[in-house]
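J.: Make the full structure from the sequences, and use the hints.
Respectively, the protein sequence lines represent chains V and F.
Position 242 of the first sequence, counting from 1, maps to 270 under our numbering, and the rest follow consecutively.
Position 121 of the second sequence, counting from 1, maps to 942 under our numbering, and the rest follow consecutively.
FYI, nobody ran anything at the bench for these hints, they're computed from the structure.
Among the clues, some could well be false.
Said to hold, decoys possible - Here are a few chain V residues that face chain F, going by a calculated C-beta distance under 10 Å:
1. 63
2. 69
3. 88
4. 89
Said to hold, decoys possible - Label-pair ranges, simulated between beta-carbon atoms:
5. 931/F x 31/V: 52 to 60 Å
6. 152/V x 871/F: 44 to 52 Å
7. 55/V x 940/F: 47 to 55 Å
Keep in mind it's a predicted model, so treat the numbers as computed, not measured.
Glycine included, C-beta positions come from ideal geometry on N, C-alpha and C.
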Amino acid sequence: MNDRERDTVINDYLRRLSRALGDAPGEARRELLEDVRGHIDEAWASAPTRDRATLLNILARLGEPEALAREERERLGLVTPPEGGPGLLEVAAIVLTVLFWPIGLLLAWLSPHWRALDKTLATAVAVLGLLLIVGTSFVALAAVSGQAPVMVQPVATAPVGAPPSAPAPVTPQENVAQAVAARGLALYGLFGAPLTAAAYLALRLRPRPHRAALLLPVAVLAGVLVAILVLFLLPAPGAPSAHATAVNAPIQVQQGGGDGR
Amino acid sequence: MLYNKTAMQEKQGLITQMRKGAVEYCVLALLAGRERYGYELVQALSRVDGMLVTEGTVYPILSRLKREGLVATDWRESREGPPRKYYRLTPAGQAALADFQTQWRVFARAVETFLERGGEL
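T.: What follows is the structure, given as structure tokens:
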């Protein structure tokens with residue numbers, strides 16, 4: 029057995045170990061890999077014969093890398109998901125999160141294949157979506173009472189393709205932009221947020237390679253962006269407006285407001 | 822699917838659990854006389870039947886003992902190859918070992934008493 033073959037087998041073992049360590053802290057991961065590597069080198073150096081069987085025997089005596097990782101995670105106080113990987117419950121949780129997130133996320137909370145933090149984040153995204161819908165509806169109500177007529181148009185979340193029966197009130201360009209933004213937010217709350225939550229759950233499913241840990245900052249970033257959008261694009265409900273309430277505004281709201289989905 | 826923690830713990834078995842706990846103190850006992858490097862500790866533990874199921878188990882234990890401050894490490898040059906990480910007992914480790922020795926002996930003697938002469942007592 030030449031050095032290259034030996035290194036391939038050893039590196040394969042160490043890679044499996046590293047992967048199985050999951051989200052173990054970097055310091056503990058580095059130390060265990062270093063210790064195991066040192067062990068293999070010592071055992072190899074003191075072996076009477078240096079063939080493939082000797083190396084495989086050394087690794088067999090060390091134990092399965094997954095078992096070793098479980099041991100380490102246990103001693104670090106980390107919860108290891110059960111063996112066998114995700115099943116029907118997890119798939120149902122992801123699919124139902126897209127279709128009707130309260131049920132989907134309930135299932136996700138029952139599953140051991142996500143960390144509590146991931147479940148919390150997914151739930152937070154879905155709830156944020158709900159708040160967006162409620163928030164834009166609130167603005168719509170304010171518009172009906174004559175305080176912010178410009179926000180009537182965005183909240184009319186009529187089904188796609190259904191033309192408004194009444195002509196839209198004439199609004200300045202600036203207000204049209206706001207209207208488009210608010211409608212976008214409402215649509216995101218309705219469809220985008222549950223989709224984001226489901227996608228996040230799908231990506232955070234464990235066991236998984238630890239590189240997926242990068243997704244957490246990405247998700248946080250997305251959350252921050254959404255929050256900024258909300259803060260900058262939604263005017264305060266009671267904001268004074270120079271425009272008079274359009275006569276047909278309440279009709280529009282009635283048409284759109286009843287259809288939540 | 823649904824994670825049944827109790828069932829999993831039962832499957833691991835009482836002896837496995839006890840071994841896991843006891844190995845830590847056996848490592849401390851091995852370090853009581855002198856400092857040793859990791860592979861040396863593994864070999865010493867493997868020499869006695871029934872202590873190690875897999876050799877790799879020793880390394881998570883050593884990391885944990887180090888985190889808890891019961892052992893400390895030093896890198897030393899070796900004649901045979903790359904430097905080795907040597908483990909030694911800290912005063913806290915010595916105290917933990919002494920404490921365990923006392924309690925374990927009383928406990929082991931008690932269990933033995935019942936296992937040997939349960940019918941007579």
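J.: Note whether the CB distance of residue 55/V and residue 940/F lies within 47 to 55 Å or breaks it.
T.: Since residue 55/V and residue 940/F have Cβ atoms about 53 Å apart, the given range 47 to 55 Å holds.
J.: Holds or violated: the 44 to 52 Å window for the beta-carbon distance between residue 152/V and residue 871/F?
T.: Given a distance of about 50 Å, which is inside 44 to 52 Å, the answer is holds.
J.: Hold the hint about residue 89/V up to the distance rule: shortest CB distance to chain F must be less than 10 Å.
T.: holds, 5 Å
J.: Less than 10 Å between beta-carbons is the criterion; does residue 69/V satisfy it with respect to chain F?
T.: Holds, about 7 Å.
J.: Is the interface hint for residue 63/V satisfied, with its Cβ closer than 10 Å to some Cβ of chain F?
T.: It holds, given that the least Cβ distance between residue 63/V and chain F is near 4 Å, below 10 Å.
J.: Interface hint check: residue 88/V, Cβ to nearest Cβ on chain F, cutoff 10 Å. Holds or violated?
T.: Since chain F brings a Cβ to about 9 Å from residue 88/V, closer than 10 Å, the hint holds.
J.: Given the hint of 52 to 60 Å, is the C-beta distance from residue 931/F to residue 31/V inside that range or not?
T.: holds, 55 Å
In summary, this structure violates none of the numbered hints.
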